[in-house]
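S.K.: Listed below are the residues making up each chain.
2 protein chains.
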Amino acid sequence: MENNHNFEIVPGGVTTAAGFLAGAACAAIKKVNKPDVALIYSSVPAAAAGVFTLNRVKAAPVVVSMKRLERGSARAVVVNSGNANACNGTQGMKDALAMTTEAAAALDIPADGVLVASTGVIGQKMPMGKVLKGIREAVGQVSPYGGNHVAQAIMTTDTFSKEAAVRLMLGGKTVTIGGTAKGSGMIHPNMATMLCFITTDAAISAPCLKKALQHAVTLSFNMITVDGDSSTNDMALIMANGLAGNKAIEEENPDYIYFRDALTAVCTSLAQAIARDGEGATKMIEVKVLGAATDRDARLAARTVAGSSLVKAAVFGNDANWGRVICAAGYSGACFDPDKVDIFLGQVQVARDGGSLEFSEEQALEELKKDAVTITLDLKSGGCDATAWGCDLSYDYVKINADYRT
Amino acid sequence: MENNHNFEIVPGGVTTAAGFLAGAACAAIKKVNKPDVALIYSSVPAAAAGVFTLNRVKAAPVVVSMKRLERGSARAVVVNSGNANACNGTQGMKDALAMTTEAAAALDIPADGVLVASTGVIGQKMPMGKVLKGIREAVGQVSPYGGNHVAQAIMTTDTFSKEAAVRLMLGGKTVTIGGTAKGSGMIHPNMATMLCFITTDAAISAPCLKKALQHAVTLSFNMITVDGDSSTNDMALIMANGLAGNKAIEEENPDYIYFRDALTAVCTSLAQAIARDGEGATKMIEVKVLGAATDRDARLAARTVAGSSLVKAAVFGNDANWGRVICAAGYSGACFDPDKVDIFLGQVQVARDGGSLEFSEEQALEELKKDAVTITLDLKSGGCDATAWGCDLSYDYVKINADYRT
Chain A
10 MENNHNFEIV PGGVTTAAGF LAGAACAAIK KVNKPDVALI YSSVPAAAAG VFTLNRVKAA
70 PVVVSMKRLE RGSARAVVVN SGNANACNGT QGMKDALAMT TEAAAALDIP ADGVLVASTG
130 VIGQKMPMGK VLKGIREAVG QVSPYGGNHV AQAIMTTDTF SKEAAVRLML GGKTVTIGGT
190 AKGSGMIHPN MATMLCFITT DAAISAPCLK KALQHAVTLS FNMITVDGDS STNDMALIMA
250 NGLAGNKAIE EENPDYIYFR DALTAVCTSL AQAIARDGEG ATKMIEVKVL GAATDRDARL
310 AARTVAGSSL VKAAVFGNDA NWGRVICAAG YSGACFDPDK VDIFLGQVQV ARDGGSLEFS
370 EEQALEELKK DAVTITLDLK SGGCDATAWG CDLSYDYVKI NADYRT
Chain B
10 MENNHNFEIV PGGVTTAAGF LAGAACAAIK KVNKPDVALI YSSVPAAAAG VFTLNRVKAA
70 PVVVSMKRLE RGSARAVVVN SGNANACNGT QGMKDALAMT TEAAAALDIP ADGVLVASTG
130 VIGQKMPMGK VLKGIREAVG QVSPYGGNHV AQAIMTTDTF SKEAAVRLML GGKTVTIGGT
190 AKGSGMIHPN MATMLCFITT DAAISAPCLK KALQHAVTLS FNMITVDGDS STNDMALIMA
250 NGLAGNKAIE EENPDYIYFR DALTAVCTSL AQAIARDGEG ATKMIEVKVL GAATDRDARL
310 AARTVAGSSL VKAAVFGNDA NWGRVICAAG YSGACFDPDK VDIFLGQVQV ARDGGSLEFS
370 EEQALEELKK DAVTITLDLK SGGCDATAWG CDLSYDYVKI NADYRT
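Same order as they appear, the protein sequences are chains A and B. Position one of the first sequence corresponds to residue 10 (the working numbering), numbered consecutively onward. Position one of the second sequence corresponds to residue 10 (the working numbering), numbered consecutively onward.
Same shape as in the complex, but just chain A (with noise of 0.2 Å):
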């Protein structure tokens, strides 16, 4: 699919990218039988960069890889989904390097090459005899056509695995970035339970790595909000092993925008994935503010919206209810003029400079029965806009707030 932008969305995940390989396995820490233990490795050493969670209560693996990406490579990450290795003490620590140390063992690299995440259940031993065997099961199984078993491996109540991939050209050589993530009950902005796993073939430095993924981070898992709740867990990581050839991104020049917009592409398709498979949720919400004063305003708006409660009651009641769009971007803390607000419906308006407006109903009825609702809300404040993306909230608890207007 050719867009206007300087990349191409292809399909694939982690192992898109020249010179990954992935493996899974079931090792029974899930109470179900599906895939639980999970292996991306480079066939050569990569820089590797990490997003984590802002929780004061960081689990074992969050502490672990973090230190480990104080020197900016990697070799491989191995992970777990059914038990979250969070708030188990030094036993916890202990886990989770050993996990690393299997993982290195059976890939024979040092085991500081190995990152490690879990996701799952919050102060509940790990069952170490499972998971070391699972690891050795899973490094047996990698290949380069891994890649969907890691994304299917590391779901928890997800409904559906979540890859993306884009191939872009830089200096004449073909750049891949393939990634995967889970997530979908607990997603707020700031890393929140959410695990995202990207590799690319690009040579780039790992500080510009590092920014790069920052940028993408703050553009599109820090834009979407399920519940509100930020977990233990969260990481995002990345590994570029430079095998595309492309000369090595060391500063912030046209390929650095380059590259770093594909990855903002990668990352903003999966949180979209991630909304969409909002626990319970019927529908996305894409909220787009324009014309914020500054970004800052312009994001909190839009995920405070996406994040309201009563605004994802109103959608999955098809109530046109646009007093709890702007109600929630007055609490947002952002900076702006209520008197100034215009709101609409997909293309329908159904506010005018904060105030109400003669609209079709059916016409807005309409808009709130697609698969994906977009709100807009115009400050008309300045020259700042920012996307966020969330889901309706549904059921029981709704049909209070969902027919409150009529």
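For the record, the hints were derived by calculation from the structure and aren't laboratory data. Hints should not be assumed to be uniformly reliable.
Note: identical chains are not told apart, hence a pair may lie in one copy or across any two.
What the hints assert, rightly or not - Derived pair list, reagent style DSS-like, types lysine-lysine, alpha-carbon separation capped at 27 Å: (1) K43 x K103; (2) K134 x K76; (3) K134 x K389; (4) K134 x K349; (5) K76 x K349; (6) K389 x K103; (7) K139 x K76; (8) K139 x K389; (9) K139 x K40; (10) K379 x K292; (11) K297 x K349; (12) K292 x K76.
Just so it is clear, the structure is predicted and the values come from calculations on it, not from any experiment.
Please arrange chain B on chain A, whose structure you already have, making use of the hints.
M.R.: Showing chain B alone in chain A's frame:
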């Protein structure tokens, strides 16, 4: 009922204190035939104070009442439910002022002595014919027994009316404080869609009254949370007419402290009633944070745990999932050492030093099945405590989360 405080809890509401009259009327602003206009009136001039929503989008009655309270006195409050008179532009301001003018004319007092409040749908024009007729009717109904009529007339999605009153002795004189509140959806710290009206016959200066009200609101209404949305219309108003004949409180002396603590008890009782009436709630949740380094840390942690969708869902599902409790404290912004935290469900300790602990799932289940579930976090980091109140999150959204751990 006696207690170890300096006050006595008594039945009553806004007409329990001497010299206060109230009345209500059915004005057909609501679609159902229920009271929706009310009036509270002091037979003599009264000191007055208020606390208002922090939402940037403020409804017209909020703007009018804030302005009128600058002089620190009032005679009456007129209120309607069914329409919030928010986002109605200059017409909204005219309508809010017209409500006060109508009430003042019927009561034969100056219009600037009348405060105004509204609750209901945002962005719909006020049906002023009905509203003004209702105000005249409500004035015709005023009596010393009208307190509960007001409590009923301000209800929207509330399932029961909310009143509280206390008596205390100040210098040999009996002082009464009584109030009513409404709110069930959109309840959140910082005065989110909630109206509260309090009357007292205490003699107290306007500055002391305002200070006492701010203190009481901080420990009560700002410590409840239902769904995270902060409204355009919230306010807590108090009038003090001095008819008790106590020596006027004009500084922070012991009488001030007695009065303040009694007022806090009234507000806390009303706040708990609001939490208990959270939309869709099946039980109340009380979150106590002990041993925080600062009051701010204690309040942040308590409110965030009480407001966590995942904690609320776990309580609904009778799941002793303490990991979600420590996780919510972790992202609250409170400073503490995760490795020190003890967590209790009622009397049952479920986590020690931030980690798991053998506990009786049966005893924990007993605690979770209570009408009011108490969660205690001892941060062991200092001497500050706080308590927050919320409710569980019921039904289908919850089904996914409630059984996640098992």
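S.K.: Between K389 and K103, at a C-alpha cutoff of 27 Å, which is it: within one copy, between copies, both, or neither?
M.R.: Between copies, since 25 Å is at most 27 Å while 54 Å is not.
S.K.: When no copy is named, should K297 and K349 be tagged within, between, both, or neither for a Cα gap of at most 27 Å?
M.R.: within (16 Å within a copy, 42 Å between copies)
S.K.: Given a CA cutoff of 27 Å, do K43 and K103 count as a within-copy pair, a between-copy pair, both, or neither?
M.R.: Classified as within: same-chain Cα gap 25 Å, cross-chain 64 Å, threshold 27 Å.
S.K.: 27 Å Cα cut-off: does K139 pair with K389 within a copy, between copies, both or neither?
M.R.: neither (57 Å within a copy, 36 Å between copies)
S.K.: Evaluate K134 and K76 at a C-alpha cut-off of 27 Å and name the case that applies: within, between, both or neither.
M.R.: within (22 Å within a copy, 58 Å between copies)
S.K.: From the Cα coordinates, with 27 Å as the cut-off, is the pair K139 and K40 best called within, between, both, or neither?
M.R.: Intra 12 Å, inter 61 Å, cutoff 27 Å: intra-copy only.
S.K.: With 27 Å as the alpha-carbon cut-off, assign the pair K134 and K349 to within, between, both or neither.
M.R.: between (54 Å within a copy, 18 Å between copies)
S.K.: Please sort K379 with K292 into within, between, both or neither, judging by C-alpha distance up to 27 Å.
M.R.: within (8 Å within a copy, 35 Å between copies)
S.K.: Check K134 against K389 for me: Cα-Cα at most 27 Å, and say if that holds within a copy, between copies, both or neither.
M.R.: between (53 Å within a copy, 24 Å between copies)
S.K.: At most 27 Å between C-alpha atoms: does K292 with K76 qualify within a copy, between copies, both, or neither?
M.R.: Neither: 39 Å inside a chain and 43 Å across chains, both beyond 27 Å.
S.K.: At most 27 Å between alpha carbons: which applies to K139 and K76, within, between, both or neither?
M.R.: Intra 26 Å, inter 67 Å, cutoff 27 Å: intra-copy only.
S.K.: Reference check for the pair K76 and K349, CA-CA at most 27 Å: within, between, both, or neither?
M.R.: Cα proximity of K76 and K349: across copies only (22 Å, versus 48 Å in one copy).
Of the numbered hints listed earlier, those contradicted by the structure are 8, 12.
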